[in-house]
Amino acid sequence: MPDIQEITVDDLKHLVSERAIQGETVLLNMGPQHPSTHGVLRLLLELDGEIVVNCIPDIGFLHTGVEKNMEAKTYQKAEVMADRLDYLDTVGNTLAYSMAVEKLVDLDVPARAQAIRVILAELQRFASHLVWLGTSALDLAAMSMFLYCFREREYILDILELCSGQRMMTTYIRPGGLWRDVPVEFDAAVRNILKTFPRRIDEYEALLTRNPLMLDRTYGIGKLTGEECLNFGVTGPMLRASGVKWDLRKARPYSGYEQYDFEVPTRTEGDVYARYLVRLEEMRQALRIVEQALDKLPMGPVRSNNYKFVPPPRSEIGVSMEALIHHFKLWTEGFEAPKGAIYLAIESPRGELGVYLESDGGPKPYRIHWRTPSFDNLQSLPLMSRGVLVADLVAIIGSVDIVLGDVDR
Amino acid sequence: MEKKLQPIVGKLEKEFGVAASEYRGDVSLVIPVENIVAACQQIQGLGFELLSALTAVDYWPQESPRFHVIYQFTSVDGNLVMTLRVPVPGINPSLPTVSHLYRSANWRERELWDMFGIKFEGHPDLRRILMPADWEGHPLRKDYPLGYEEPQFTFNFEEINLRKPYAKE
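Read top to bottom, the protein sequences are chains X and W.
In this text, residue positions in the first sequence follow our numbering: the first is 1, and each later residue adds one.
In this text, residue positions in the second sequence follow our numbering: the first is 410, and each later residue adds one.
Simulated from the structure, these hints should not be mistaken for laboratory data.
Glycine included, every Cβ here is placed at the ideal spot set by N, Cα and C.
A few of these clues could be false.
[As the list claims (entries may be wrong)] Interface residues of chain W toward chain X, partial, derived using beta-carbon atoms under 8 angstroms: (1) M410; (2) L414; (3) Q415; (4) V439; (5) Q481.
[Unchecked claim] Among the chain W residues that face chain X by a calculated CB cut under 10 angstroms, a handful are: (6) G434; (7) V446; (8) A462; (9) S513; (10) E559; (11) F562; (12) T563.
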C-alpha cells in the first residue's frame, strides 16, 4: 500500500485569502456528504463569521471514467454509458450520442423517429426541471414542493418505461433512429400529461412565485451578468436568466426543432429568482413542443434502413440471409466509422451538452469527449458565492442545477 | 462552410499561415502551439465569446505530435462555431494557458493536466481535478491500461477473493 498523502492548507494557499493563513477566517468543509450539494460535491469554504469569503469546489468524487470506457467499446455498446452521465436527462444524453454517431457516419433518421425523439427529450426536460424544482425548494425548506414534483415526475418516468421498459436508463434512442416504435398506449399517456400538467405548474407558482419567504431567499442572490456567464462557459437556463437569448434548439435547430413554435424565455436579473422563473417558463414551453409534435406525428419507419450501421428488424432476420449476416456483423464487430472528427451540441435541461467524437476508421470511438453543462456551470460558483451568507450559498447551489454524474463523468 | 464564417476563417488563415479544413460541416484550423494565445485573442475579438469545449486526443504511439488539443468556440452573437486544433509533442507536453481570456478554460485545463498530463504554463491553479491528488499516471492517455475486475463464480470465489485488491477485515 502506498502512503496516503495528506493534503494540507499549504497546498491551497493560493486560493484562500491572506487572513485565512493568519487564522482570522475559518476554513470549513461543506460536503461531500451534505444534503444540499445534490450528490457528492465538496466545498471548502473560507468564512468570516457567516459570510463566505472564498469558495473552493472540489469535484471528482463520482468520476467513473466514462470517456475511457466508451473508447473501449463499439459504437452500439458504448451508448449505455451515455445514459449514466446525467441521470436526470438520460434521453438527452442518448440523443446527443446518437446524433453524434449519425453525423460521423452520415446517417439519415426517419421523420417519425425525429418527432418521437423530440417528444421524449422535452418530457425528460420537464422531468429534469421537476427534480430541480423539488430539490431546490427543499433546500429552501419548502418540503411539500419536493413531494408534489416527484409525484408528477413519476408520470413521465412511466411513459419512458412504456416505451423502453426502463424508467431512467432508457437507451431508447439509438444511432439511426429508435430501438422500436412507441406502443399504442403512448398517445393517450402523453395527452393525459398535456391535460393535467399546465394546471400543476400553476399550483407550483401559487406556492412559490409570490411567496415572501421564497423572495427573501432568492431575490438578488447569486447574480451573474451575461458577459460573465459566457466567459465562464455557463449555458442553459442560467445564461438565459442573465439576459442572453441563446438556445441551441432555436439558434442551431436539430432533430426537427425548427418545425415547432415555441418561445425562449429570458430574464435580465441573473439571480436565483430569475433562474427559477426561466425554468418554470421552460416547463410550459416544453409542453407546447410536445403537443405540437404529437399532433403532427408522422407515420412511417422509426429506424434507418441502412443496414451497414443499423441492425435490421427481428422479422427480417428469419427470412433474409443478408439481414442475418448484417445482424451478426453489427453485434460482433460493430460498424467501421470513416476517419474524422466532429463536434455536436444539443440543448440539455442544463445547457449545452456537446459530444466530441473522433474516429480512426475502426469500430470503436478513438476519442469521445463529453462537454457537460454542469461542469462549466459549477465553475461559476466561486464567483457567485463571494460575500453571501452560508444559507444563501445553499440557494445558489440549488439554482445551478448540478448533476454530479454530469460534472465528474 | 457558412457564409458568415468565411471572412473570419479567411482572416485567421492569412494571419497564421494555415489552411482550414472541413468535415461534415465542422470547420477546423490547425494552429502551431506558439500562436495559440494570439489566435485565441483574435478569435475572442472576432466575437466568439464562448469557449464551448476544450479537450485533447492522444495519438500514441505517434510521438510528434503525440497530442492534439482541441478548442471549440461558439459565437453567440453571430451564431457560429469553429474549432482550433493544436498539435503538441509527446515529450514534456506543454501549452500556454488561455484561462485569462476564457475563464471557463480554468477547470478544463486542469482536467487536461489530470487526464493527459499536458501542462499549461501560466495557469493559476494547475492541480488534479477529477482524480485524487496522489494519483499516479494520466488515465486518458492511450498507453494507460483500462482496469478490469475478475468475475467471481462459485468454483473460484475464494481463489480470486484472495488476490482481489480491497480492504479485507
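Practice task
With chain X as the partner, please determine if V446/W meets the hint condition of a C-beta pair closer than 10 angstroms.
Solution key: 16 angstroms, violated
Exercise for the section: Return the status of the interface hint for A462/W: holds when the least beta-carbon distance to chain X is below 10 angstroms, violated otherwise. Expected result: Where the cut-off is 10 angstroms and the nearest Cβ of chain X is about 4 angstroms from A462/W, the hint holds.
Practice task
So, F562/W near chain X? Judge it on the closest CB pair being under 10 angstroms.
Solution key: 23 angstroms, violated
Exercise for the section: With a cut-off of 10 angstroms on the beta carbons, see whether T563/W makes it to chain X. Expected result: At 27 angstroms from the nearest chain X Cβ, T563/W fails the 10 angstroms test, so the hint is violated.
Handout entry: Interface hint for G434/W, Cβ within 10 angstroms of any Cβ on chain X
Key = Hint on G434/W: holds, closest Cβ of chain X at ~8 angstroms, below 10 angstroms.
Problem - Per-residue hint verdict: E559/W, partner chain X, C-beta under 10 angstroms - result: 17 angstroms, violated
Problem - Interface hint for L414/W, Cβ within 8 angstroms of any Cβ on chain X - result: 13 angstroms, violated
Handout entry: Hint check, Q481/W versus chain X [nearest Cβ-Cβ separation less than 8 angstroms]
Key = 5 angstroms, holds
Handout entry: chain X contact restraint for S513/W - C-beta distance below 10 angstroms
Key = 3 angstroms, holds
Problem - Interface hint compliance - Q415/W to chain X, C-beta minimum distance less than 8 angstroms - result: 18 angstroms, violated
Exercise for the section: Identify whether the interface hint at M410/W stands, where standing means a beta carbon of chain X within less than 8 angstroms of its own. Expected result: Constraint on M410/W not satisfied, violated at 15 angstroms.
Exercise for the section: Using 8 angstroms as the Cβ threshold, decide whether V439/W counts as touching chain X. Expected result: Check failed: Cβ of V439/W comes no nearer than 12 angstroms to chain X, outside 8 angstroms.
In terms of the numbered hints stated before, the structure departs from hints 1, 2, 3, 4, 7, 10, 11 and 12, listed from lowest to highest.
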